[in-house]
Every structure is written in structure tokens, then in C-alpha cells.
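Peer 1: Sequence:
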Amino acid sequence: MQLLLIHSDYIEFEAKRRTPVAEDVGEAEKAGRMEEALCAFIAVEKIDEDDVSAVVAAGAKEIASVAEQVKTKRIMLYPYAHLSSSLSSPAAAVEVLRGLQEALQEEYEVAKAPFGWYKAFRLSCKGHPLSELSRSIRVGEGAGAEAGAAAPAAAEDLPEAAEKEEVVSEALKAEAKAVSFWKIMTPDGLMADPEKFDFRGRENLGKFVNYEISKSRAVESVPPHVELMRRLELVDYEPGSDSGNMRYYPKGRLVKSLLESYVLERAADMGAMEVETPIMYDMNHPTLKKYLDRFPARQYSIEAEKRSFFLRFAACFGQFLMSHDMTLSYRSLPLKMIEMTRYSFRREQRGELVGLRRLRAFTMPDMHTLCADMAEATAEFEKQYETSISVLAEAGLDLDDYEVAIRFTREFYEENREFVEGLVGIVNKPVLIEMWEERFFYFVLKFEFNFVDALDKASALSTVQIDVENADRYEIDYADAAGALRRPVILHCSPSGAIERLMFALLEKAHRVSVEGKVPMLATWISPTQVRVIPVAERHLARALEVAGAIGFRTDVDDRDETVGKKIRDAGREWIPYVVVIGDQELESGKLAVTVRAESQPKKPYKVEMAPEELKARIGSETAGKPWKRLPLPVKLSERPRFI
Numbered sequence: 001m002q003l004l005l006i007h008s009d010y011i012e013f014e015a016k017r018r019t020p021v022a023e024d025v026g027e028a029e030k031a032g033r034m035e036e037a038l039c040a041f042i043a044v045e046k047i048d049e050d051d052v053s054a055v056v057a058a059g060a061k062e063i064a065s066v067a068e069q070v071k072t073k074r075i076m077l078y079p080y081a082h083l084s085s086s087l088s089s090p091a092a093a094v095e096v097l098r099g100l101q102e103a104l105q106e107e108y109e110v111a112k113a114p115f116g117w118y119k120a121f122r123l124s125c126k127g128h129p130l131s132e133l134s135r136s137i138r139v140g141e142g143a144g145a146e147a148g149a150a151a152p153a154a155a156e157d158l159p160e161a162a163e164k165e166e167v168v169s170e171a172l173k174a175e176a177k178a179v180s181f182w183k184i185m186t187p188d189g190l191m192a193d194p195e196k197f198d199f200r201g202r203e204n205l206g207k208f209v210n211y212e213i214s215k216s217r218a219v220e221s222v223p224p225h226v227e228l229m230r231r232l233e234l235v236d237y238e239p240g241s242d243s244g245n246m247r248y249y250p251k252g253r254l255v256k257s258l259l260e261s262y263v264l265e266r267a268a269d270m271g272a273m274e275v276e277t278p279i280m281y282d283m284n285h286p287t288l289k290k291y292l293d294r295f296p297a298r299q300y301s302i303e304a305e306k307r308s309f310f311l312r313f314a315a316c317f318g319q320f321l322m323s324h325d326m327t328l329s330y331r332s333l334p335l336k337m338i339e340m341t342r343y344s345f346r347r348e349q350r351g352e353l354v355g356l357r358r359l360r361a362f363t364m365p366d367m368h369t370l371c372a373d374m375a376e377a378t379a380e381f382e383k384q385y386e387t388s389i390s391v392l393a394e395a396g397l398d399l400d401d402y403e404v405a406i407r408f409t410r411e412f413y414e415e416n417r418e419f420v421e422g423l424v425g426i427v428n429k430p431v432l433i434e435m436w437e438e439r440f441f442y443f444v445l446k447f448e449f450n451f452v453d454a455l456d457k458a459s460a461l462s463t464v465q466i467d468v469e470n471a472d473r474y475e476i477d478y479a480d481a482a483g484a485l486r487r488p489v490i491l492h493c494s495p496s497g498a499i500e501r502l503m504f505a506l507l508e509k510a511h512r513v514s515v516e517g518k519v520p521m522l523a524t525w526i527s528p529t530q531v532r533v534i535p536v537a538e539r540h541l542a543r544a545l546e547v548a549g550a551i552g553f554r555t556d557v558d559d560r561d562e563t564v565g566k567k568i569r570d571a572g573r574e575w576i577p578y579v580v581v582i583g584d585q586e587l588e589s590g591k592l593a594v595t596v597r598a599e600s601q602p603k604k605p606y607k608v609e610m611a612p613e614e615l616k617a618r619i620g621s622e623t624a625g626k627p628w629k630r631l632p633l634p635v636k637l638s639e640r641p642r643f644i
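Just so we're aligned, residue 1 is where the sequence shown starts under this note's numbering, counting upward by one.
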């Protein structure tokens, strides 16, 4: 069971419409209001079905404990499925909620919002240190129940943290203890303390700074991209897997595949060689074991044949072991290798998992560059920094859409001050600086481009790091001009960041664009359908199919038995870049009536007349130089299944 506990001035709700799983309630139970109440938002999970009575007892105990702490005798129980991606059956959820109500009402005034209804609610949170708490309730085997630690942020998944197989690296522990010096650096190289910096006009940077310094990573509500990824039939939760592992429908797989291909092509343009390495490694391999302790991530571990293995969280291991076995000359440097890791695995904490923002299984383009020395490393670093800006721009994210963080040791900064200032000058806007007195990790410098979503949570996209440890650890050598063996400096680069997170950022940006009163869309080259042809009547269908074939690209035909108006609205809800309507006039003229989404405004579509070859040429110019894949679904909409 997942709980979000809000101490409120008031909470009120009104049930608007029932869902297929709604419980039956009387009219009086469809609305309610409670003053000075502890509001318990509740998600009952699949695991809770194993012992409902124990879960009810543990949940009631935890809610009562918090009610006592905030000194209230009123409790509102509010079903809230968005707190979990692994929900119980509706029957079990209703049983747990009613059980909680019965258990608490002996000592408290208890109200319950109905389960399975679409509800409107208003809530006024008091805002004191205990006014926002979260709990993870888990029933142990014969040991009662456990709840998350009392803290304002969302609690971590304690049973997972307690499992023996979880490996927490020394770097992750060091990261928690690291003392950071935070600054804002402006394009002229000046640095200011964040509390003294004027964020007017840079509100997004202010949100990013607050997120980084507060280290509040847990998500208390559902970000907008989750609704979009499902409505667009791109991605969905997979209840049959571990949390943070998603299912991709045909449209989502297409978008993901195109982004993967594009990043690989850009890496190839930089001279990177594509390789493939295992996803599982020996945890007791002497070199790998040392590296595990230098990487700030939690691992999945597996026992097999009396050996312990871990699932990779990056492609570093395989590429470094490969580099160790290679014969390298200075003539080969800088040498680049890249792998599109399908998948990398990190055992992220449960309270941080939501949608595509943070996952436990993800696809990471992971490139490593062997450089002769630090001078070559910084030169390559700058090139990869600029390439990352370009990659994000081509995907649909401009410099104004994300914030920059540059992190380094004080020693590196003092020796490379002009270089760091030059990086800030390239983006020409203030950036967040994090500086450490000593080196906690394997790198001395890194940057990230961070997208701030509608919940003011930041997520890292592109990154490059200068690694000064692993050439020694993996005994990677190259022969210099004199024949002497030397150790390279290594760059770690992901030009886009995780592909799933890039999709998250594109969807969140589309939401923001919509809120600003503009038309949301994806770039034409990654849009699942690039052209939708709509015949007005049955007699226009043959021409619609002919036009679809003539245009090519990813063009489909809406042959459903629906009104033209609904077909046009549905095309708009799918963000289709070009919508063509064919009626009697188009049959006669041979021209197409085309709505261009990129030039439209809400309720003011931009329409233009053009020939099929003109539309084909326009799409060709928009997608030139980008990867292409065929339509992922049948051409006729009447033949398509519904995934959601």
C-alpha cells in the first residue's frame, strides 16, 4: 500500500462519473468536506492481496500515528491509484479501504471518498514540516508490517532496501555525504551564490537550483506526460514486471527506435564505432567489483551457479574490458566506441519511479572516448558538448527548454578556469555550478542538460564526464610516438541521455506548449503518422488510398464510419503534422486540402491547398538527414486494434 498523507485546512470532493470498477454508493456519499483533517491518499497494491487484514492493520496504525503527530481527530480516506503502477484488483482495494474506515472510526471521525469514480477535489495543505508525508506499507512474512521512515519526502521502498541482494556502491554512499558548493555562473564567467542571484526571467533555473540543492527526488503526483504517453498509445505501465519497466505499443516503439537510430548516426558522424557488450557481469570480478564502488547507482543482482552477477547500469564495463584487450596506438586516438544499451538497469527507489521520467530498465546511448591526455580530453569534451546541444535541438528541445549543470572538483576548476567559462559561454545563459573540495567519483568534470517538468522536478538528459580513474583500473594502454605505453583519459558521453527520458521531456514540453495556448506536436520525423488522409464519403476512399500511396512516408487513411469532424478532431488529438481531407472538390481538382499543424493555432487551423507531390516534397525537406521507418500500424484506421 502506498500512502500520501496531507494535513489540511480542508479537503472536499465531488464524485462526477463512475468507471466500470466503481463501488456502489448512495447520493450522500458522492460528495464530502472535512475541516482540519488528515487526508490519506491511498493506492492499494497487488502485493496487498496476500494478506488484506494485516495490510489494513498496518495502514490504520500508520495513519493513526501521523494523525496523532499533527494533532487531528479527523481523517479523510481518499482512493488515489496514481501513487502506484502495480494496483490490486478493485475488489481488494474496496475491501482495504472499508477495513481502514472501520479500524479508524473507533477513535477518529472518518470519511471516505468513493472508489472507482472520477472525482473533483479541493485541498488546502497547511505547509508545516509534517504536513506532507508519504509511506510505503509492506507486510513481511510473519513479521507484521513495515512503513517508510518519517520524513517529508516520499519514503523509499524499505523492503527492497533491506533485501540482501541489493548492492549500494561506496560512491552512492559518498554522494550522500558529499559537501557541495553551489554557485550560479553567468556567461561572463562571474559566479554568485544562489540565494543572491536574481532569477527573474530565469524562473526555470530557479526551480532547477531548488531541486538540486534540496535533493527532493520523490514524486508526489502524476506528471502530465503520463496521461499523454497513454492517450497517444505510446507507452504504458507493465503490471506483470518490476516497477520501472514499461511496455511500448507500436507507435511508442517507432518513436523510440527513430531516436535510437538518430543518436547512433550522430555518434557515427563523430567517428564512434558501434559495439555490443553483455548485460550481465560477475560481481566478484576484481576489476568490476572496484568499479561498482565508484559508480553512484543501485544494482540488480542475480544468483546463478553459486556465483553473483549484476545487471549492467551502463556500457562502461564491456567497453573498458574490450579496450583492455585491444592494441592501441596514439594514431588511433581519440578513439570512440558506442553502444545503445537495450537495456541498462538501475534499481531506483520506488518513490521516484513515475512514467518515463525515471525507470529501472532504460535505453542509454553510451559512448566512451579514449584521449591521449587532458588537453585532448577537454577539446573532445567541448565538441561532444556542442553535439549534445545539436542532438536535442533536432529531437525538439531547444536551449531554452533545459537547464545546464556543470560539476567539477575545485582543483580541476582552478587549472581549467577558462575552459569551464567557455562552456557557459557556448550556451550563453546562467548555469548551475556544483564544486567539490575532493573527488568522490571517477570523474573530475561533468555536465548535464536537465529538463524541469511540470512538477518542478529535474531530469538529466545529455552528459559528458572526464574520467581519470578507469584507464588505470582496467589497465588500458596505448603506445605513444616513442613506443612507450601510456594511460588515456576517458570521456563518458550520452549525447541525448536515456532515450525514454528524452521521450519524457518531449511530452512534457508538449504539455507546457499546450498550457501556453499553443499547439503541441512532435517533430515530423518522429511522428508515428506524418500524414492522415480523410475521405469525406465512401466514394472518396479510393482516391484517399491513391493519395496515401503517392505521398509515401508514414501516411494513413481514416476510413472509419465516423463524421468528418470527429476524424479531424481525432487527428488533432494524435498531433498529426499534416491532415488531408478529400471530398468532391478535391476529386475534381486533383489538389489536396491540407491542414498544417506546425502553423496552426488552437481553434484556428492553418489550411493550404497543394498537390500531392508538393506535400511529399515538403515532408521530405523536413525529414532530410533523419532516419525513417515505415508506418507501425495498418494503413486503414478501421483495421487497427485499440491498445488503451
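Incorrect hints may appear among the rest.
[Stated by the list, open to error] When the alpha-carbon atoms are kept at most 30 Å apart in a straight line, the in silico DSSO-like pairs for lysine-lysine are as follows:
(1) LYS567 to LYS591
(2) LYS509 to LYS603
(3) LYS196 to LYS429
[Said to hold, decoys possible] Just the calculated beta-carbon pair ranges, DEER-fashion:
(4) ASP50 to GLY549: 52 to 58 Å
(5) ASP373 to ALA192: 47 to 53 Å
(6) GLY189 to THR327: 41 to 47 Å
(7) ASP472 to ALA393: 17 to 23 Å
Read the hints as simulated data drawn from the structure, not as lab findings. Each residue gets a CB set at the ideal place from its N, CA and C atoms; glycine is no exception.
Peer 1: Which earlier hints can't be squared with this structure?
Peer 2: When the structure is compared with the hints, numbers 5, 7 turn out to be violated.
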